[in-house]
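Colleague: Going line by line, the protein sequences match chains A and B. 41 is the number of the first residue of the first sequence in the working numbering; add one for each residue after it. 41 is the number of the first residue of the second sequence in the working numbering; add one for each residue after it.
FYI, nobody ran anything at the bench for these hints, they're computed from the structure. Being a predicted model, the structure only gives us computed values, none of them experimental. You may find that some hints are simply not true.
No copy is singled out in the list; a pair is fine if it fits within one copy or between any two copies.
To be verified - 30 Å max Cα-Cα, derived BS3-like pairs, lysine-lysine:
| # | residue 1 | residue 2 |
| --- | --- | --- |
| 1 | K163 | K52 |
| 2 | K293 | K585 |
| 3 | K618 | K582 |
| 4 | K477 | K42 |
| 5 | K618 | K585 |
| 6 | K316 | K42 |
| 7 | K537 | K618 |
| 8 | K163 | K505 |
| 9 | K163 | K64 |
| 10 | K137 | K64 |
| 11 | K42 | K618 |
| 12 | K42 | K163 |
| 13 | K42 | K293 |
| 14 | K611 | K42 |
| 15 | K477 | K52 |
Chain by chain, the residues:
Protein chains: 2
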Amino acid sequence: MKASRFFIGTLKEAPADAEIVSHKLMMRAGMIRRVAGGIYDYMPIGLRSVRKVEAIVREEMNRAGALELLMPAVQPAELWQESGRWEQYGPELLRFKDRHERDFVMGPTHEEVVTDIARREIKSYRQLPVNFYQIQTKFRDEIRPRFGVMRGREFIMKDAYSFDKDLDGLAETYRKMYDAYVRIFTRIGLDFRAVAADNGSIGGSGSHEFHVIAETGEDDIAYCPSSDYAANVEAADALPLIAQRAAPTEALKKTPTPGAAKCEAVAQLLSIPLEKTIKSIVLATENEGAEPTIWLLMLRGDHSLNDIKTSKLPGLAGYRFATEAEIIEWFGTPPGYLGPIGTKKPVRVIADRTVANMSDFVVGTNEVDYHTTGVNWGRDLPEPEVADIRNVVAGDPSPDGKGALEICRGIEVGHVFQLGTKYSDSMGATFLDENGKPAPMQMGCYGIGVTRVLGAAIEQNFDDKGIIWPEAIAPFEVVICPMGYDRSDAVREQADKLYATLQQAGIDVILDDRGERPGVMFADWELIGVPHRIVIGDRGLKEGKLEYQGRRDTEATLLPVDEAADAVIGKVRAALGK
Amino acid sequence: MKASRFFIGTLKEAPADAEIVSHKLMMRAGMIRRVAGGIYDYMPIGLRSVRKVEAIVREEMNRAGALELLMPAVQPAELWQESGRWEQYGPELLRFKDRHERDFVMGPTHEEVVTDIARREIKSYRQLPVNFYQIQTKFRDEIRPRFGVMRGREFIMKDAYSFDKDLDGLAETYRKMYDAYVRIFTRIGLDFRAVAADNGSIGGSGSHEFHVIAETGEDDIAYCPSSDYAANVEAADALPLIAQRAAPTEALKKTPTPGAAKCEAVAQLLSIPLEKTIKSIVLATENEGAEPTIWLLMLRGDHSLNDIKTSKLPGLAGYRFATEAEIIEWFGTPPGYLGPIGTKKPVRVIADRTVANMSDFVVGTNEVDYHTTGVNWGRDLPEPEVADIRNVVAGDPSPDGKGALEICRGIEVGHVFQLGTKYSDSMGATFLDENGKPAPMQMGCYGIGVTRVLGAAIEQNFDDKGIIWPEAIAPFEVVICPMGYDRSDAVREQADKLYATLQQAGIDVILDDRGERPGVMFADWELIGVPHRIVIGDRGLKEGKLEYQGRRDTEATLLPVDEAADAVIGKVRAALGK
Chain A
41 MKASRFFIGT LKEAPADAEI VSHKLMMRAG MIRRVAGGIY DYMPIGLRSV
91 RKVEAIVREE MNRAGALELL MPAVQPAELW QESGRWEQYG PELLRFKDRH
141 ERDFVMGPTH EEVVTDIARR EIKSYRQLPV NFYQIQTKFR DEIRPRFGVM
191 RGREFIMKDA YSFDKDLDGL AETYRKMYDA YVRIFTRIGL DFRAVAADNG
241 SIGGSGSHEF HVIAETGEDD IAYCPSSDYA ANVEAADALP LIAQRAAPTE
291 ALKKTPTPGA AKCEAVAQLL SIPLEKTIKS IVLATENEGA EPTIWLLMLR
341 GDHSLNDIKT SKLPGLAGYR FATEAEIIEW FGTPPGYLGP IGTKKPVRVI
391 ADRTVANMSD FVVGTNEVDY HTTGVNWGRD LPEPEVADIR NVVAGDPSPD
441 GKGALEICRG IEVGHVFQLG TKYSDSMGAT FLDENGKPAP MQMGCYGIGV
491 TRVLGAAIEQ NFDDKGIIWP EAIAPFEVVI CPMGYDRSDA VREQADKLYA
541 TLQQAGIDVI LDDRGERPGV MFADWELIGV PHRIVIGDRG LKEGKLEYQG
591 RRDTEATLLP VDEAADAVIG KVRAALGK
Chain B
41 MKASRFFIGT LKEAPADAEI VSHKLMMRAG MIRRVAGGIY DYMPIGLRSV
91 RKVEAIVREE MNRAGALELL MPAVQPAELW QESGRWEQYG PELLRFKDRH
141 ERDFVMGPTH EEVVTDIARR EIKSYRQLPV NFYQIQTKFR DEIRPRFGVM
191 RGREFIMKDA YSFDKDLDGL AETYRKMYDA YVRIFTRIGL DFRAVAADNG
241 SIGGSGSHEF HVIAETGEDD IAYCPSSDYA ANVEAADALP LIAQRAAPTE
291 ALKKTPTPGA AKCEAVAQLL SIPLEKTIKS IVLATENEGA EPTIWLLMLR
341 GDHSLNDIKT SKLPGLAGYR FATEAEIIEW FGTPPGYLGP IGTKKPVRVI
391 ADRTVANMSD FVVGTNEVDY HTTGVNWGRD LPEPEVADIR NVVAGDPSPD
441 GKGALEICRG IEVGHVFQLG TKYSDSMGAT FLDENGKPAP MQMGCYGIGV
491 TRVLGAAIEQ NFDDKGIIWP EAIAPFEVVI CPMGYDRSDA VREQADKLYA
541 TLQQAGIDVI LDDRGERPGV MFADWELIGV PHRIVIGDRG LKEGKLEYQG
591 RRDTEATLLP VDEAADAVIG KVRAALGK
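Pulled out of the complex, with its shape left as it was, chain A reads as follows:
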């Protein structure tokens, strides 16, 4: 491509609504333009990167045996009513009526449509397994679209849906998709982790998220550097930090702790480690026609409650924090000095796994300005119910026993789910099995946010000059910047020759023949983030040299004119693993 025939629209400043670096840089590099909140044009230079992501995704989906089809953006409400999501889905589901007043939605996802295909087309186990995918425009009416393509309303997704005859089949398909995802993000050139995810509201059993590691990520990920264990902090198992409970050594003692309502203050006041203190969290669950059940959850002073784990415990679904009135009624004191010993009314005590193995610990006394030290299970209070109710922290043992966890931040770009029979049950997608009996299909679903990948790649790869694209999804792999293309025959001839050579070698190269000043040229291509740059000037040519600079290099290297093409071709191919 020659720049004079292309469309380059770089900006000096990002618009005010661009909060994060990928949004700013995609706007400044002219990759996207805003049409409405969360709705963008992909300009030619941006679409080149989108298409490269799509091509990699498509190749790997095909390799994994998935079949591409295309489902419509506009879906009839009837299907969503059948699955129950017409009611369940919030206002993110854009609903509208057509000219005949029939209800439709703009598809944010396609479980309903694909299950409708499966129940009509698949009659026999002989047709299974099958895995359909599409690369398609979705719409999700976010209440506050922002972060550019990271949380847009209209976006491109690859979504795949698999149908198997049994759970073994589903597990095998799931593994194939997992492996395909690993290949996809590896080929794109991203630093990523597959993390065990909480299933959230999508339902089913077993799922992984694929996260691009970036400081600006929205999610906290716990991972083990010495193994492949990784999980969303929401879902990571928190093991007991004390393997076995030690025997009591202290006597129970009521100790004044004036003004020390928090564990940190108690530890400081009593000159004990924070790890000896206990945080008491009071929850309530409703009982129809009766007073609520009050729960006391006990965490070590330096730990925090995991909301999702807690709400999965028997009896705690839909819990809320207790009110101050309830706390006074059950504990006889306002919050701040609460503890499990001597409550006014019975409470259900749950101890975190670590707390359950502690001895000689400190709890509130249910009296303002007093704590109790030397507390021991069995001796001073009954053995507790034990559960994993806390968030993991850096340094925790990895659940796979292979080292200590670290915490990093990630951007979710892919998700694989084992849906099971959630949709086949509600929508009646059955097949005749080997015995001629109807059975529900076992479904999986597998998404990649194609346009989101671009944002995530930038969040992971940028500097103060602009984007630094991985070769595989760069809008161009190489830029040739001739200094004086319009003035110097030698420069022009050399630039044209190199351009032709690189093109012939299958390199995605752009020749900047716009006649801009070198400063403008360089700034544009650094902002756009082309990974390899060659500068051709009269001065260098006199010595038979060109200037090569990789986008991450701090300075240029001189290359002999005759070797430049091969050198650059080698670099690009090496980066692409060719």
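Could you slot chain B onto chain A? The hints should help.
Modeller: Coordinates of chain B only, in the frame set by chain A:
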């Protein structure tokens, strides 16, 4: 591709709502499935053909210098309000509100969005010309979607929009697009014609439609077999059929024609050719605060009025047919025996070009059961206003003077328009010209109905067994049908070997390893329309032969095993022009 890993869903019967052959065959071949009225899934086999059309379109657009981008499906109402189309567009424009009650539309076309891009991004004549295109999903809320992908609601289009600094530039860009369209439809392998089109309601000056010739087409096209002249019948110039008016030879005579109100009856009654009779059509146009103007349009008895040409004549925009009361008031008689001589009140007479050169012709006498024969211009009534007001008919001289017109039916699959400044004016898309003065951009727009092309290709290419795909857009180019793939080692080995050889040669081949009976296999692939089939069986192999049959061949040819691959590769490449 192996059929066992693919998804084939042929049907014995088409659904009842499928009226035309392409709809029936696409359903039966399992290419599409209905989701809602005018909304379809493209199943894997159908999507293969869609993608092949897209690839050809993309290659030729790029070759013509157009730049691919991607605009959103969901567009803010503000842009449509600016252009004026928010009001003008009918209920085909799907309007809806987002969760914040803001108005949006599902884009049926993208003039507004692209003009918004141009006015923001293009500041100077140095950035012109530029031509943006996309291949994108559109929605048009048809009142009665039907004919499958031919008149769907959700469909895929390639739409391009060009911006030039002046009309010369627009003409050049237009010509480039026209040429690209010719290459596209030629490569796809369709019998098509580019026809001069009436601009209809889209406005601007100069446009061509690209029609696939098919008996089931919706449009009548006049074309000259001995030149490249072609025009929609609506727009084709109707030349006078009489080069020069002959001198009068008959006297004016009032002749009884009892009961003969139609030209055909008059001709029969008086034993004269229909070409001597005149059809009188009475139109009216309103005059505010005064009585209407009454027009008498005179056509030869065998001709018909062209509504579009008529409404473009000065004073006749918005005309209507006169009421019976008006006819009685102006002509003194009810319809049936009307004529230009001796009206009660003055009427404006317009003669068709042919009528203007007639002599000794027959008109109504404005008296029931009477006509006047031997009528001559100049002698019996004043010279008329002359205009082209009729539809061309087969046998008319071609306007380019190169032969006689024929009429055929066509399916519109592409359209190129010179929009001029319609949108740049209403939306303020200006640039600074060479003199630093703001000027409106000259726009063109260029559409191809990607999914419609599939339907049109089928309407042109089918038989009673099913579809007959042109090689370039066939879901597969070659199918290998082994007889007894699961039973015969020889058959399986030969099939696998041929499959591998064809794949290596870049042929898009499917191996039917499903183990279906030959009758089922053959019927499936004939229905699906794969252009080349090879049958491998034990009996043939014993003689070292395979069976080849082209989809249009009435019987199979035996090919020596060793020559089969080369023969088929040669046939496919020849068909693709490689």
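Colleague: All hints, please: hold or fail.
Modeller: The hints, checked one at a time:
1. For a Cα distance limit of 30 Å, the shortest separation of K163 from K52 across copies, 16 Å, qualifies, whereas the shortest one inside one copy, 59 Å, does not.
2. In this assembly of identical chains, the alpha carbons of K293 and K585 never lie at most 30 Å apart, being 83 Å within a copy and 99 Å across copies at closest.
3. In the homo-oligomer, the alpha carbons of K618 and K582 never lie at most 30 Å apart, since the shortest distance is 34 Å inside one protomer and 45 Å across protomers.
4. Taking identical chains as interchangeable, the C-alpha atoms of K477 and K42 lie at most 30 Å apart only when they sit on different chains, with a minimum of 28 Å there against 63 Å within one chain.
5. Within a single copy, K618 and K585 get their C-alpha atoms as close as 27 Å, which meets the 30 Å cut-off; across copies the closest is 41 Å, which misses it.
6. Proximity of K316 and K42 under a CA criterion of 30 Å is satisfied in neither setting, with 68 Å inside one chain copy and 65 Å between copies.
7. Taking the closest pair of Cα atoms, K537 and K618 come within 30 Å of each other both inside a single copy (24 Å) and across two copies (28 Å).
8. When the C-alpha separation of K163 and K505 is checked against a cutoff of 30 Å, the pair qualifies only between copies, where the shortest distance is 25 Å, while the shortest distance within a copy is 57 Å.
9. In this assembly of identical chains, K163 and K64 lie within 30 Å of each other by CA distance solely across copies; the values are 22 Å between and 51 Å within a copy.
10. Proximity of K137 to K64 under the C-alpha cut-off of 30 Å is restricted to the inter-copy arrangement: shortest distance 28 Å between copies versus 36 Å within a copy.
11. In this assembly of identical chains, the alpha carbons of K42 and K618 lie at most 30 Å apart whether taken from the same copy (25 Å) or from different copies (27 Å).
12. Taking the shortest alpha-carbon separations for K42 and K163, only the inter-copy value of 20 Å comes in at or below 30 Å, while the best intra-copy value is 54 Å.
13. With identical chains, the CA atoms of K42 and K293 are never at most 30 Å apart, being 82 Å at best within one copy and 78 Å at best between copies.
14. Taking the shortest alpha-carbon separations for K611 and K42, only the intra-copy value of 22 Å comes in at or below 30 Å, while the best inter-copy value is 37 Å.
15. For the homomeric pair K477 and K52, the shortest alpha-carbon distance between copies (25 Å) is at most 30 Å, but the shortest distance inside one copy (66 Å) is not.
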